[in-house]
Each structure stands twice: as structure tokens, then as C-alpha cells.
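These protein sequence lines map, in sequence, to chains D and X.
1 is the number of the first residue of the first sequence in our numbering; add one for each residue after it.
1 is the number of the first residue of the second sequence in our numbering; add one for each residue after it.
A hint or two may mislead.
Below are the BS3-like pairs computed for lysine-lysine, each with C-alpha atoms no more than 27 Å apart in a straight line [said to hold, decoys possible]:
1) Lys34(X) to Lys386(D)
2) Lys381(D) to Lys41(X)
3) Lys135(D) to Lys34(X)
Derived by calculation from the structure, the hints in this document are not laboratory data.
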Amino acid sequence: MDHTALSLIELGAVFFALGVLGRLAGRIGLSPIPLYLLGGLCFGSGGLIPLTDIGDFTHLASEIGVVLLLLLLGLEYSAAELFTGLRRSWTAGLLDIVLNAAPGAAVALLLGWGPIGAIVMAGVTYISSSGIIAKVLGDLGRLGNRETPVVLSILVFEDLVMALYLPILTAILGGVSLLGGLEAVGISLLVITVVLVIALKFGRYVSALVDSDDREVFLLKILGAALLVAGLASAMQVSAAVGAFLLGIAVSGSTAHNATRLLEPLRDLFAAVFFVVFGLNTDPKSIPPVLGWAVVLAVATTLTKVGTGWWAARRQNIGKLGRARAGAALVARGEFSIVIAGLAVTAGAVDGELAALATAYVLLMAVLGPTAARVVEPIAKALQRKRKPPAEPEPKTEAAKTEADSQPVTGS
Amino acid sequence: MNVEVTPLPGIGVRKDFATRGGRRIGVVTQRDGKIELIVSKSDDPDACLASLPLSAEEAGALANLLGAPQLVAQLNEEHRELPGINTKQLPITENSPFDGRTLGDTAMRTRTSVSIVAVMRAGQVHPSPTPDFLFTAGDLLVVVGTSEGLEAAAKILKHG
Numbered sequence: 001m002d003h004t005a006l007s008l009i010e011l012g013a014v015f016f017a018l019g020v021l022g023r024l025a026g027r028i029g030l031s032p033i034p035l036y037l038l039g040g041l042c043f044g045s046g047g048l049i050p051l052t053d054i055g056d057f058t059h060l061a062s063e064i065g066v067v068l069l070l071l072l073l074g075l076e077y078s079a080a081e082l083f084t085g086l087r088r089s090w091t092a093g094l095l096d097i098v099l100n101a102a103p104g105a106a107v108a109l110l111l112g113w114g115p116i117g118a119i120v121m122a123g124v125t126y127i128s129s130s131g132i133i134a135k136v137l138g139d140l141g142r143l144g145n146r147e148t149p150v151v152l153s154i155l156v157f158e159d160l161v162m163a164l165y166l167p168i169l170t171a172i173l174g175g176v177s178l179l180g181g182l183e184a185v186g187i188s189l190l191v192i193t194v195v196l197v198i199a200l201k202f203g204r205y206v207s208a209l210v211d212s213d214d215r216e217v218f219l220l221k222i223l224g225a226a227l228l229v230a231g232l233a234s235a236m237q238v239s240a241a242v243g244a245f246l247l248g249i250a251v252s253g254s255t256a257h258n259a260t261r262l263l264e265p266l267r268d269l270f271a272a273v274f275f276v277v278f279g280l281n282t283d284p285k286s287i288p289p290v291l292g293w294a295v296v297l298a299v300a301t302t303l304t305k306v307g308t309g310w311w312a313a314r315r316q317n318i319g320k321l322g323r324a325r326a327g328a329a330l331v332a333r334g335e336f337s338i339v340i341a342g343l344a345v346t347a348g349a350v351d352g353e354l355a356a357l358a359t360a361y362v363l364l365m366a367v368l369g370p371t372a373a374r375v376v377e378p379i380a381k382a383l384q385r386k387r388k389p390p391a392e393p394e395p396k397t398e399a400a401k402t403e404a405d406s407q408p409v410t411g412s
Numbered sequence: 001m002n003v004e005v006t007p008l009p010g011i012g013v014r015k016d017f018a019t020r021g022g023r024r025i026g027v028v029t030q031r032d033g034k035i036e037l038i039v040s041k042s043d044d045p046d047a048c049l050a051s052l053p054l055s056a057e058e059a060g061a062l063a064n065l066l067g068a069p070q071l072v073a074q075l076n077e078e079h080r081e082l083p084g085i086n087t088k089q090l091p092i093t094e095n096s097p098f099d100g101r102t103l104g105d106t107a108m109r110t111r112t113s114v115s116i117v118a119v120m121r122a123g124q125v126h127p128s129p130t131p132d133f134l135f136t137a138g139d140l141l142v143v144v145g146t147s148e149g150l151e152a153a154a155k156i157l158k159h160g
């Protein structure tokens, strides 16, 4: 068999297997991300069947996957939404950073991965998966709940933090000197500010530049623009992913909606390849030694996310059940934890075990998150009942009290 | 009525209001146009008892169900001093012969002497429709006239 035939067969087999895994995930109501990672682990180095002929393609495809992940994330928000989200949730956002980055950093330092490893693991445990969370909230019919805007504005804050964190991380991973690092960070901060201002003031010109009534032309223009911007950003030491994210923010209105619809299937395809490639490059044998730490991190960061959500929801005068729901909703980690770990591993600046820990952690959290969101209500109710002596008046008065306590959420 | 508009970043907009009983009722409109009707729980006002996905057509039908009786009651109130004059809401059903035809085609005024004073469509009121107003299935007509005239009008709309 010649090389092309073999590549096609391998690629076909991988896609088909991913499709089957995705269907399985849908059946049991889970995010497909952990299954894609598992699939990658099975076929990668040290796995069952090593796939070697499609390395070039999958490498590039996984890069495109990251670009598309961030581009679509940017397309979801308008710059105005980002700013209101920032104003509304910055206190909760800061608490979120402190509580959830700390466990990752601490474990990395304990394992002797140094300050760079600590910064990487801090990002891995900090960032919730907006993809998984938005889907779970929709599936559970919680879009109309009063705590949902609280959850979403924390996610917006996290995404903005990512736009700052990723270029800083790339600079640090590049191993530049302290001065050079500061310069790179300075440049990236400047670029981000300029792009945000452009997006806010002149977003419609950017939209007009890529927009087209013809689907084919539009697809080529938006995809081309994304890859161009990503490439240029990467050449300027601002990570490729952030470039795509910023382009996504600059494109707004109906152009953004159309672009999302066109690009969604492409993103799903390439992002799936990205997760598989990450799994491929991780040796399954390296996971058992770090599994204990992954479980410790999973437990710790589940509690810290629940605490973050609880606190943020309480500030909006939301009842106890709602606070518990907000906390549990935030637990899921997924795509961005892997993006961060992926950046670190590609740069080769961190211990190889880090990839294994990140994989095991995301495997746990991508399953634990949706489960937590589902079971939080019965558990919180049971706890409430236990605390209340049975002689107390029926729950109706309690409900009336909380209703009187709660003020309307800010609207306009 | 104080309707709260809350942006849901990345998802859409929630518009709701509190009823006198303390429950919240509203609508979540998603970016892609999906509409959900939400009703809050009585024992947990932050959560939703139901969030029902509605198609645009279903949302329109629901809006008509809620809006038309109010309009009819208002018109009836106005006509109270005129004995024998009533207001009624009459639907254009799926198999009505006037689905896709104009108000003029019904010749309603000539045949029954009742007036079609408004058409409710997709939650919107179209007042004083002209003879070239095109009916479509799902429209609710607000008709004013004598009881006999209204009965005759209902038959015409159903059977032609």
C-alpha cells in the first residue's frame, strides 16, 4: 500500500472512531472531550496501535483546532458584552482566579515542576469549560434561572483573563529573559488593548471586510482571516489562539452569527483532532503515577469552584439552592485546560508528567462537572431538610421568606 | 409592568417579570432565534419549573391566546351601552377556505353585516385591516356585530 492510501485509511479510521465515541457520549449525556482524550491515549505512543503516517496532518489540524476553538469563543461575545461582563463580575472573577489557580500552582510546586510548571497548572485548574457549561445549562433547562447570568458573567471574565494569560504564558514558555519576557508581555497587552478598542469602535468595518452573502466566499474569507491573524499573532509572540480570539471579538452582529453557524462543524472536527493529538502524545503509562494528584486536584478544585459560584450568587441575593447550583455549574473543566497544557508541552518547557496530570485531571473534571451540575439540587435539598427540625412550619413560609429577601437581578 | 431584560452573554437574552403571586414568567430568546417560555418554581424563585422550547408559530399562537381575550374584553366593555352588539374572536383555521385569501374575499360585511376590527397575528395586533389584508392560518379575527351576525361569520370563516 502506498503512503497516501495508508494515510487515508488511518485518518478515516480515526474520524470514524471519534464519531462513534461522540455518539456514545451523547447517549450517556456527557461531553465528548474525555472520550476523545481516551481515544487519543489508546492510539498514541505506548498505546495499542501507534499511528505514524498521519502525524503531519494531525499536527497542523490540531493547531487549526485551537485557532477555531478560540475564534468561535470570541465570536460568541461582542466587545460591549465583554466590558459589561467585566464590570459586573470582577470581584467574583478575582476570587475565582485566587481560589482555583492556587491548587494547581501548589501541586505543581510540590511535584517540583518549578515556577513555569506552577503557572501552567494554575491555568489548567483555573479555567472552567464554557462549552461544557453552556451545554449543561441548556440541557438542564436552567437558562431562565436567576443564577445563570452570574455563572455566565464569570465565564466571560475567565475568557477575558485567557486573552491576557495565553500571550504571557507563550512568552514565558519561550524561555525569554526577564526583560525580554516583560517586553513580550508589554507588546501583547498593547496589541490586545488596541484590538479591543478597534472591536468596540470599528467592529462593523471588520465585519464588513469578511462578510459576504455567498456562503463559500464567506467561509473562505473568515477562515483565511482567522489563520492569517493567528499566524501573525504567533509571529509577534502573542499566541496564535489569542489572535483568533480577538478576531472573533472584533467580528460582530449578524456576521458573527453567520460565521458561528458556518464554522461550528469545522471547529468540532478540528478540535476533536486536537484532543486526540494531545492524547496521542501522552503515554498512557505515565498516567497512573499522577492519578492520585489528579484526584486530589479534582476534589480541591471542585470545592473551590462551588465556593466561587456560591459567593458570586449570594452577592446577587440568590437563594441557597440557586447558590449551590451556580457553584456546581462552574465545576467542569475541558477544552482550555488542554489548550494550556498543549501549549506548555509543545514548547517543551515543562516536565513530561504535566501532560499526564493535565489529561487525567481533565478526564475527571469533564465527567465530574456535568454530574455535579445534575446532582447538586437533590443533595442541597436533602441537606436543607436534614438541618431543619421536622417540627418547623412547612417549607412554604421558608419560600415566601426567601422570595421577600431576594431583590430583582440587575436588568436595564 | 416592569419587565426585566437580562443579557445572557454567549447565549441570548432573558426577559421576565414577577407576577403578583411572586412567580417569575418570561421568555429566553437565544442567539439563533430559539424561544423558551420560562416559569419560576414557587418554592425556589431562582429556578425554573419549566422552560419550554417554542417554535415561532407556537409562540405566536400562545401570544394570541393570551392577548386576544384581553382585546375582546376591552371592546365588549366599550360596546356595553349598545345593546345587541357583541365582540368575538374567530380563528382562521388550517383548513379554512380563507387561509391565503384576503379579507375582501370573505365579503363579510355584505353577507353578515359584522365588522372585522382587528387581526391578531403572532402576538401582534393589526387594527382596522383593509379589504386587501391577506389571511393566513393561525390568525385570530376580532369581529364586532350582532349575535346572529357573529354566528354566521364563524360559519363563513370555517366553511366559506
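These are the hints, each one checked on the structure:
no.	hint	result
1	Lys34(X) to Lys386(D)	violated (40 Å)
2	Lys381(D) to Lys41(X)	holds (14 Å)
3	Lys135(D) to Lys34(X)	holds (14 Å)
Hint compliance for this structure: hint 1 is the single one not met.
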